[in-house]
Each structure stands twice: as C-alpha cells, then as structure tokens.
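Residues per chain, in single letters:
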Amino acid sequence: MSEKTVTRMDLSEAVFREVGLSRNESAQLVEGVLAHMSDALAAGDQVKISSFGTFSVRDKAARVGRNPKTGQEVPIHPRRVLTFRPSHLMKDRVAAGNKS
Amino acid sequence: MIRSELVQKIADENPHLYQRDVERIVSTIFDEIIDAMARGDRVELRGFGAFSVKKRDARTGRNPRTGESVQVEEKHVPFFKTGKLLRDRLNGK
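Protein sequence lines, in the order shown, are assigned to chains D and H. No gaps in the numbering here: position 60 of the first sequence is 62 in this note's numbering, and each next residue is one more. No gaps in the numbering here: position 6 of the second sequence is 855 in this note's numbering, and each next residue is one more.
Hints in this document: simulated from the structure, not taken from any laboratory. The model shown is predicted, which means the values in this text are computed figures rather than measured ones. Some hints here could point you the wrong way.
[Said to hold, decoys possible] Under the rule of at most 20 Å between Cα atoms (straight-line distance), these lysine to any residue pairs were calculated in the SDA-like manner:
1. K930(H) with D880(H)
2. K924(H) with A907(H)
3. K93(D) with I51(D)
4. K933(H) with R82(D)
5. K942(H) with P77(D)
6. K50(D) with V926(H)
7. K930(H) with R869(H)
8. K933(H) with K93(D)
9. K942(H) with N100(D)
10. K903(H) with R891(H)
11. K933(H) with G896(H)
12. K6(D) with N100(D)
13. K50(D) with G932(H)
14. K50(D) with R60(D)
15. K62(D) with A907(H)
16. K933(H) with A45(D)
17. K93(D) with K930(H)
18. K933(H) with E893(H)
With these hints in hand, go ahead and build the complete structure from the sequences.
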C-alpha cells in the first residue's frame with residue numbers, strides 16, 4: 003500500500019485537469035461541494051451521493067460513560083453523530099484495489 | 850439531499866458554468882476520492898472528515914441459514930471519520 007494522504011489540493015488539481023477551470027476556481031468549487039454537504043448534514047438531512055455513498059445523521063441517547071483510566075463515571079449527553087455507508091461500487095473498488 | 854440536488858446548488862451559485870460541466874466537476878471530486886482509496890491512500894478533508902481504508906482479517910464465517918462454516922478472505926473496506934468542525938456543527942456548536 004502506498005499510504006499517501008490526499009487533500010483538498012489534490013481534489014482541486016483533479017478538477018483543474020479534468021474541466022480546465024483556473025486553479026483558484028477549481029479550489030472554490032471543491033470547497034462549495036463540501037460546504038453544501040456539510041450544511042445539509044448540519045440541518046439534519048441525509049446526503050445521498052449515488053455510486054459514492056450515503057451520509058446520515060443519527061441521534062444518540064444520553065448514557066453513563068466511564069473514564070477508562072480512573073474508572074470514574076461521567077454522563078455522556080445526547081448527541082448527533084454522522085455515519086457513512088459506502089456504495090457497492092466504492093466497496094468493490096476499494097476491495098479490488100487493495101487485494102494483496 | 851441527493852447528488853442531482855447538490856449539482857443544482859453548485860450550478861445556481863456558478864451561473865457562468867454549464868450544467869454538464871458542474872456534473873463533471875462533482876463526479877471528478879467523488880471519483881478522485883474513490884480512486885485514492887482504491888490505491889490504499891487516505892483522503893483528509895479538514896473540517897469535513899477523513900476517508901481511509903481498513904483491513905478486515907480473514908475469518909471463518911457461518912452461513913446463518915444453514916450453519917455451515919465458510920472461509921472469508923481478508924479484505925479492505927472504506928471507512929469515514931467525521932471531522933471535528935462538522936461534528937461540532939451537527940451538535941449546534
């Protein structure tokens with residue numbers, strides 16, 4: 003495995019290569035996509051991207067947690083968490099690409 | 850929100866772009882993320898989250914219907930961890 007880290011810069015570079023907009027505009031478009039997805043999720047909506055995957059917001063109930071180091075009980079407040087369910091296409095491509 | 854609604858929002862903000870170019874831009878972004886994970890790379894998008902590849906060891910599975918043992922090979926699966934900023938936003942912070 004190569005284990006490189008891909009960032010926003012690499013994504014905007016891909017948009018730049020693929021569509022031929024300026025680097026600056028490509029970067030803004032990547033930002034726009036992430037911002038719209040974040041806004042929808044923050045509003046509690048599900049974000050479903052066909053052939054990529056589904057992001058959904060789940061409500062977690064309050065529970066009593068424990069500090070594993072001290073054993074002390076601490077209340078964990080109700081909260082919202084994000085879960086991502088990859089599409090079949092993503093699962094298949096990731097499995098095929100990393101086969102040893 | 851589904852893919853086409855996301856494309857529409859980006860198109861509305863960028864009236865100088867053709868709809869089909871916006872579709873290509875959105876597809877390029879998601880394809881690039883999948884390509885990276887298929888190479889075993891990690892995709893880190895600060896504030897949003899990080900996509901990575903996790904290894905699942907080979908195991909002996911069981912067909913729940915027949916109870917028969919089956920050998921499940923080692924495989925790699927996609928994983929997403931929410932970024933701090935987005936996690937805080939989900940909780941109204």
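Cross-check of the supplied hints:
no.	hint	in the structure
1	K930(H) with D880(H)	holds, 19 Å
2	K924(H) with A907(H)	holds, 7 Å
3	K93(D) with I51(D)	holds, 14 Å
4	K933(H) with R82(D)	holds, 13 Å
5	K942(H) with P77(D)	holds, 19 Å
6	K50(D) with V926(H)	holds, 19 Å
7	K930(H) with R869(H)	violated, 31 Å
8	K933(H) with K93(D)	violated, 25 Å
9	K942(H) with N100(D)	violated, 38 Å
10	K903(H) with R891(H)	holds, 10 Å
11	K933(H) with G896(H)	holds, 6 Å
12	K6(D) with N100(D)	holds, 14 Å
13	K50(D) with G932(H)	holds, 18 Å
14	K50(D) with R60(D)	holds, 15 Å
15	K62(D) with A907(H)	violated, 32 Å
16	K933(H) with A45(D)	holds, 16 Å
17	K93(D) with K930(H)	holds, 16 Å
18	K933(H) with E893(H)	holds, 12 Å
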